[in-house]
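Chemist: The residues making up each chain are set out below.
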Amino acid sequence: MSATRMTDTPVLSVRGATKLFGAVVALDDVDLDVHAGEVLALLGDNGAGKSTLVKCISGVHRLDRGEIWIDGAPVHLSSATQARENGIETVYQDLALFDNLNPTANFFAGRELAGPSWLPRGLRWLDQRGMRARTQQLLDRLQVRLPDFDADVALMSGGQRQAIAVARAVAFSSKLVMLDEPTAALGLRESAKVLELVRRLRDDGVAVILISHSMDHVMEVADRGIVLRRGRKIGEAAATPENQQQLVSWIVGAQSAA
Amino acid sequence: MPDRPTSPTVPRSVRTDSPAVADAETEAGAVEPVTVLPAGGDSRVIRSVLLALKGGPLFILGLLVVILWITTEDHVFLTFGNIGNVLEQSAGVCVIALGQLLVILTRGIDLSIGSNVSLGCVVCTVLFRDTQSTLLAIGVTLLAGLAMGAVNGIILVKGRLPHPFIATLATLSIGAGLALYIASGSTIIGAPDIVNRFGGGRIVQIPGAGSIGWFPYAALVVVAFAILCWVVLRKLLWGRWIYAVGGSPEAAVRTGVPVKGVLISVYVLSGLSGAIGALLFVGAADAGSPFTGAGMELNAIAAVIIGGGSFLGGRGNVTNALTGALILGVIHNGLNLLGFNPNWQYIATGIVVILAVELDVVRAHFENRFRSLQARLA
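Chains as they are written, first to last, in our numbering: chain A, 1 to 258; chain B, 1 to 378.
One or more of the hints may lead you astray.
Said to hold, decoys possible - In silico contact screen, one side only, chain A against chain B (beta carbon under 10 Å); selected entries:
id, residue
1, 95
2, 98
3, 101
4, 123
5, 157
No wet-lab data here; the hints were simulated from the structure.
Note that the Cβ used here is the ideal one computed from N, Cα and C, for glycine as well.
Please model the complete structure; the sequences and the hints are all you need to start from.
Modeler: Right, dumping it as structure tokens:
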């Protein structure tokens, strides 16, 4: 549905991605393309390799074989920081929030505003007021309201925490946002709000990779679905109502496209 | 969190085997999604309880002071002279408790801090005895403390140990052995003047106790080190990283916090606190003994825990750790004044530690209630 926004060069290309954990093949020769303004759903059963693939793209794991291209140029992502510097943001299943810090500190975790710049990073003075103001600004833009900016995240409910994690990724992303089951712990209306954030991202021309077990949510926001099974890509189809049955049968293993 | 079974046809209500089961249920009928409503009346009560619990250590300290003021003969506890004694006697533990706080904030523990103090005590006095150089005695003592901390941190990080317990237990033994070896097992008398002044001197300019003065220089050292730790923890990016590593080491790696460097740095600072503590003890006694720090790691750890620190990491602050150390000092001093056998202080310390961890359990309970209330309101 957003094909008009797509450009010829994918924001992210993965070629021949292979990842081994000891003798276990977590990823086996997976190819994948995502374009700007596109939502790609990553589908598959337990242990299919979805989360592993996301972690490789976000720099947490390193691929044993295969290449990652961003905007048509090969990149070497050996750390989460490098991935973020390349405009890749990730919301993990377990949110990666710091329970003992407040929303502002969580928002800026890893990219705190601090100066002066001639000092070593660790010795820089935190610009707490600036970070607070910018957090408020960003949350306003995303229409997320929090009751108390200075309360620790530990005091917030699952839904509130999810909102902070998603908003954090959305706020700082420039090219690609990956969401690993962003709605798994949420109620109906909160899920809808998160999906709305995903759509807003896509409309802003950001590429989105979405892992979800809810076929409803996938159908609602995704343009395309890729199905993994035991680390291999076994199917790819546009996320249209006509293809839903096909995607489901790939996921449950009723038939293989290959 | 393991993946849930994939079956797109399963109704949403069945798929609630996530950590936030309660939220999923309570928020199903929510009015405002993602948006968070302001807390209602009930949660305001819980919030004030939580706030009160945060000041728990100060409350315990205040209570102890009042009790001792009432029960000691002629209310001697609250005289300038005695307050000066308490401050001076607690100064060393205050400093090493701050070092321990930094380590415990990152989910660690520095068991070697007591040995570090002993080592510092003998390094300072032996060097001063043999060279008569104040600069050398103080400088090498500080370097020895920093080095011991660095060794702890490097063993932990480069040795890829899951927890610093064993590493610092080993350096505890090594440090104690080194201290005994350097001092040939005996106490060395004599310390540089400036060390004696800051460890055992009183500031006569501060009025209240006539010409001898009551306010100890040692308290100034504590305040200076506390300000340093406070600035590091609250004002610098470094401190944000320390809290982040303690809050979630996994998330810290993912967000690009230099976790290894942060871990090494807290052990180095803890080592420095051991050396400063050693100088205070040397100054107070005008002597250094290889046994000064024996068992002192327990005081440092107890002070942090009484001050609301948690071995789960990321919890605790400078004020509360200092309060914890002062509580230990006040207990020690009070039992003395009341004529109890000095050994009671260990029992009393244990009881206060148990009280402190129970307060923490209460806090966790109220935080949980607060969370579920928020979920229901949202």
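Chemist: Look at each hint and say if it fits the structure.
Modeler: Hints, verified against the model:
Nearest Cβ of chain B to the Cβ of residue 95 (chain A): about 8 Å, under the 10 Å cut. The hint holds. Of the supplied interface hints, the one on residue 98 (chain A) holds, with its beta-carbon coming within about 4 Å of a beta-carbon of chain B, less than 10 Å. The restraint placing residue 101 (chain A) at the interface with chain B holds, with a minimum CB-CB distance near 6 Å, inside the 10 Å limit. The beta carbon of residue 123 (chain A) is positioned within 10 Å of a beta carbon in chain B (closest approach about 6 Å), and the interface hint is therefore held.
For residue 157 (chain A), the interface hint holds, the least distance from its beta-carbon to any beta-carbon of chain B being 4 Å, beneath 10 Å.
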